[in-house]
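Number of protein chains: 2
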Amino acid sequence: MKILVLGGDGFCGWPASLGLSQSGHEVVIVDNFSRRRIDEELGAQSLTPIVSSTERRKAWHETTGHRIRLAVMDIASQYDRLLALLREEKPQVIVHYAEQRSAPYSMKSPAHKRYTVNNNVNATHNVLCAIVESGLDIHLVHLGTMGVYGYGTAGMRIPEGYLGVKVDGDDGEVSEEILYPTHPGSIYHMTKVLDQDLFAYYAKNDALRITDLHQGIIWGTSTDETSLDERLINRFDYDGDYGTVLNRFLVQAAVGYPLTVHGVGGQTRAFIHIQDMVRCVRLAIENPPERGDRVKIFNQMTETHRVRDLAALVSSMTGAVVENVPDPRKEDAENELHVVNDAFLDLGLRPLTLSNHLLDEINRTAMKYRDRVDLSRIPARSLWTKDLKPGVPVAYRESTGR
Amino acid sequence: MKILVLGGDGFCGWPASLGLSQSGHEVVIVDNFSRRRIDEELGAQSLTPIVSSTERRKAWHETTGHRIRLAVMDIASQYDRLLALLREEKPQVIVHYAEQRSAPYSMKSPAHKRYTVNNNVNATHNVLCAIVESGLDIHLVHLGTMGVYGYGTAGMRIPEGYLGVKVDGDDGEVSEEILYPTHPGSIYHMTKVLDQDLFAYYAKNDALRITDLHQGIIWGTSTDETSLDERLINRFDYDGDYGTVLNRFLVQAAVGYPLTVHGVGGQTRAFIHIQDMVRCVRLAIENPPERGDRVKIFNQMTETHRVRDLAALVSSMTGAVVENVPDPRKEDAENELHVVNDAFLDLGLRPLTLSNHLLDEINRTAMKYRDRVDLSRIPARSLWTKDLKPGVPVAYRESTGR
Numbered sequence: 001m002k003i004l005v006l007g008g009d010g011f012c013g014w015p016a017s018l019g020l021s022q023s024g025h026e027v028v029i030v031d032n033f034s035r036r037r038i039d040e041e042l043g044a045q046s047l048t049p050i051v052s053s054t055e056r057r058k059a060w061h062e063t064t065g066h067r068i069r070l071a072v073m074d075i076a077s078q079y080d081r082l083l084a085l086l087r088e089e090k091p092q093v094i095v096h097y098a099e100q101r102s103a104p105y106s107m108k109s110p111a112h113k114r115y116t117v118n119n120n121v122n123a124t125h126n127v128l129c130a131i132v133e134s135g136l137d138i139h140l141v142h143l144g145t146m147g148v149y150g151y152g153t154a155g156m157r158i159p160e161g162y163l164g165v166k167v168d169g170d171d172g173e174v175s176e177e178i179l180y181p182t183h184p185g186s187i188y189h190m191t192k193v194l195d196q197d198l199f200a201y202y203a204k205n206d207a208l209r210i211t212d213l214h215q216g217i218i219w220g221t222s223t224d225e226t227s228l229d230e231r232l233i234n235r236f237d238y239d240g241d242y243g244t245v246l247n248r249f250l251v252q253a254a255v256g257y258p259l260t261v262h263g264v265g266g267q268t269r270a271f272i273h274i275q276d277m278v279r280c281v282r283l284a285i286e287n288p289p290e291r292g293d294r295v296k297i298f299n300q301m302t303e304t305h306r307v308r309d310l311a312a313l314v315s316s317m318t319g320a321v322v323e324n325v326p327d328p329r330k331e332d333a334e335n336e337l338h339v340v341n342d343a344f345l346d347l348g349l350r351p352l353t354l355s356n357h358l359l360d361e362i363n364r365t366a367m368k369y370r371d372r373v374d375l376s377r378i379p380a381r382s383l384w385t386k387d388l389k390p391g392v393p394v395a396y397r398e399s400t401g402r
Numbered sequence: 001m002k003i004l005v006l007g008g009d010g011f012c013g014w015p016a017s018l019g020l021s022q023s024g025h026e027v028v029i030v031d032n033f034s035r036r037r038i039d040e041e042l043g044a045q046s047l048t049p050i051v052s053s054t055e056r057r058k059a060w061h062e063t064t065g066h067r068i069r070l071a072v073m074d075i076a077s078q079y080d081r082l083l084a085l086l087r088e089e090k091p092q093v094i095v096h097y098a099e100q101r102s103a104p105y106s107m108k109s110p111a112h113k114r115y116t117v118n119n120n121v122n123a124t125h126n127v128l129c130a131i132v133e134s135g136l137d138i139h140l141v142h143l144g145t146m147g148v149y150g151y152g153t154a155g156m157r158i159p160e161g162y163l164g165v166k167v168d169g170d171d172g173e174v175s176e177e178i179l180y181p182t183h184p185g186s187i188y189h190m191t192k193v194l195d196q197d198l199f200a201y202y203a204k205n206d207a208l209r210i211t212d213l214h215q216g217i218i219w220g221t222s223t224d225e226t227s228l229d230e231r232l233i234n235r236f237d238y239d240g241d242y243g244t245v246l247n248r249f250l251v252q253a254a255v256g257y258p259l260t261v262h263g264v265g266g267q268t269r270a271f272i273h274i275q276d277m278v279r280c281v282r283l284a285i286e287n288p289p290e291r292g293d294r295v296k297i298f299n300q301m302t303e304t305h306r307v308r309d310l311a312a313l314v315s316s317m318t319g320a321v322v323e324n325v326p327d328p329r330k331e332d333a334e335n336e337l338h339v340v341n342d343a344f345l346d347l348g349l350r351p352l353t354l355s356n357h358l359l360d361e362i363n364r365t366a367m368k369y370r371d372r373v374d375l376s377r378i379p380a381r382s383l384w385t386k387d388l389k390p391g392v393p394v395a396y397r398e399s400t401g402r
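Residue numbers (the numbering used here), protein chains in the order written: chain A, 1 to 402; chain B, 1 to 402.
Bound conformation, chain A alone (with noise of 0.2 Å):
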């Protein structure tokens, strides 16, 4: 099949990319690089040293023989560019990776919500109604998150996507199936929100088939394809803003950082390793809504952890001191989550769950690249609000002066 990436230059787009490219689909990626530039405006960069589009491509095709075409365009803001596009590769599936994805960069400052509005709203509604102008029938699968649903529902399971609620009627009780209530906890989550509005809308009245991927906390940084070649390697976050937790564990582990557990760390997650997120990707595109169906939703995680195991865990592997430091973040201190992810389990995955052979692999790729790390990059410094404090450790604080 023909498929655009959207936002394929990415952490999740680029290994999806090579992942679908392996399988024999035809793929070009759409980007603006906003994530490269973002690095600039930060002043934070990937521990491991990634290349060009260019050269990722080039070596792509020198590794596999594959091709992968890039189209360079901002998709929130160039609809005519996108919409040409669409009419002249007539893809059958877009994946939808083109949004601003860090909770803690999205709560910088008013700019940075605005922005994420802006852009992560933009760009979907650009996409869908791109897809309807098009006339063509153009599979959407969209990387959501299992942030959408909130983490307060202790003594139930997290269905994927729908609940079923009884309701009083003036008959007596009904029974409905309705969109789970969400409870998104920053904006880069509620944009998610919006975006799930935004398809079960365009599902309705355009009968788009969309499906919509409710995806947790990825951890590893390599696939199958992106290890052929030092070229094809994938970005790795530790930062502060988009260093997602275990793997920012682990970079902390390899430079002597203390391990930053956000308040008692019993935020419970859901999680995934970046080689699953590939696999799931092509699951959901060969098994596509039929027109006319609601959107589909998929939980894409396959465990749950708390923080504070996950800290204790790397902390066992490596030696690393585990300290408690302000949570930044507005959020429960503890909570529980059980998640149902049936639907891809019955379509063949077999999970990678967290094993020490696999966050080895991760901690030597961090022990390879430490002399990359910026300290200062390290805390969480984004506040849920003006009378929260920094995630920063003790002995950093007073060096940094905050």
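Hint data in this document are derived by calculation from the structure and do not stem from the laboratory. Don't take every hint at face value.
As the list makes no split between identical chains, a pair holds if one copy fits it or if it spans any two.
What the hints assert, rightly or not - With a straight-line Cα cutoff of 25 Å, these simulated PhoX-like cross-link-like pairs (lysine-lysine) come out: (1) 90 <-> 386; (2) 2 <-> 389; (3) 386 <-> 330; (4) 330 <-> 204; (5) 166 <-> 368; (6) 389 <-> 108; (7) 204 <-> 90; (8) 204 <-> 108; (9) 389 <-> 204; (10) 386 <-> 204; (11) 330 <-> 368; (12) 2 <-> 90; (13) 108 <-> 166; (14) 386 <-> 108.
Let chain A serve as the given structure and place chain B on it in line with the hints.
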């Protein structure tokens, strides 16, 4: 209190501004005059001859001694000016009407869909973001729509925003109150769903005080205040995009155009007279939520009617012919609608219900200005999907070639 009325030059914003000013509040209108520009775009105009904002406000001062000030800006794109205005004026209340409010206009073309989403989401988000950044404790009162609920609710009454549901948990059934599941019927209605998500987030993360008014279809055009002087007259839309059903029928009757009922006219909708809208906004302002409360939601409607019954009523009053035309909207041919509106009744609202007396008054306005009507602007030509047909009567279909 000092009140900013965003969109205070529009159909609801203008009479609300006058009503609040007359009650002794200090009113500052914030508007970019987009509604007047859309008239130019559509080649349409208000049935009633509305004067400029400057003349209107001058007339208000001459008539009552009250002053209403004006700040011209586009709140969706001029965030810095909006923030500066909040810091300068320090209002206690913001009433937010500053959104594109026509469902058919939002469906006219991809450009209109995109304008409506971009304008409405960024307008609302900028207001929320600016309130937080200002640090002021401002009560935000927003004009929402009954249309967020959808109309597929036979067998139960639509509550005011929140629905009690029972869910199966691991240890038996759990009762929860959730935001009513939304089923918006157009891009415009969907933007009000997105607004609702933004409000829920900002009420939770930033403890903003927010009231959302889920309003029915307005009928009537004049209020106690707009009737004081000819220059204070409110706009009266009869065109296929902005004309709401009952007002439109009365104009159609006045000019001898068939009353165009979409489909079989089985659509049941919620209504409220424009004078009651003004009263409700004042009641909402005087009864704000506390900081930390969830969003306070009122159903701002006073009665429900089926479209074909309204056509029959106007026909019996005026002798106008009723004609069933194609329905350009994707909607159920027939629906029931039962709505709870206790909150405003409990606060003392005594509704103006549909009466020959009030219809007569509107009919006199329609007759007075009938020479200003452009027949070609009457039918609804904006199609929800390409396969639908415009709502043009047979006698007019050939003459326009559509």
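Now for the hints, and whether the structure bears them out:
1. 90 <-> 386: between (48 Å within a copy, 20 Å between copies)
2. 2 <-> 389: For residue 2 and residue 389, the Cα distance exceeds 25 Å both inside one copy (47 Å) and across copies (34 Å).
3. 386 <-> 330: within (11 Å within a copy, 46 Å between copies)
4. 330 <-> 204: between (35 Å within a copy, 9 Å between copies)
5. 166 <-> 368: The answer is neither: 55 Å in one copy and 53 Å across copies each exceed 25 Å.
6. 389 <-> 108: Within one copy only: 13 Å inside, 48 Å across.
7. 204 <-> 90: within (23 Å within a copy, 43 Å between copies)
8. 204 <-> 108: Only across copies: residue 204 and residue 108 sit 18 Å apart there, 36 Å inside one copy, limit 25 Å.
9. 389 <-> 204: Cα proximity of residue 389 and residue 204: across copies only (18 Å, versus 44 Å in one copy).
10. 386 <-> 204: between (41 Å within a copy, 14 Å between copies)
11. 330 <-> 368: Classified as neither: same-chain Cα gap 35 Å, cross-chain 59 Å, threshold 25 Å.
12. 2 <-> 90: within (8 Å within a copy, 55 Å between copies)
13. 108 <-> 166: Intra 40 Å, inter 38 Å, cutoff 25 Å: neither.
14. 386 <-> 108: Result: close within a single copy only, 10 Å intra versus 43 Å inter.
When the structure is compared with the earlier hints, violations turn up for hints 2, 5, 11 and 13 and for no others.
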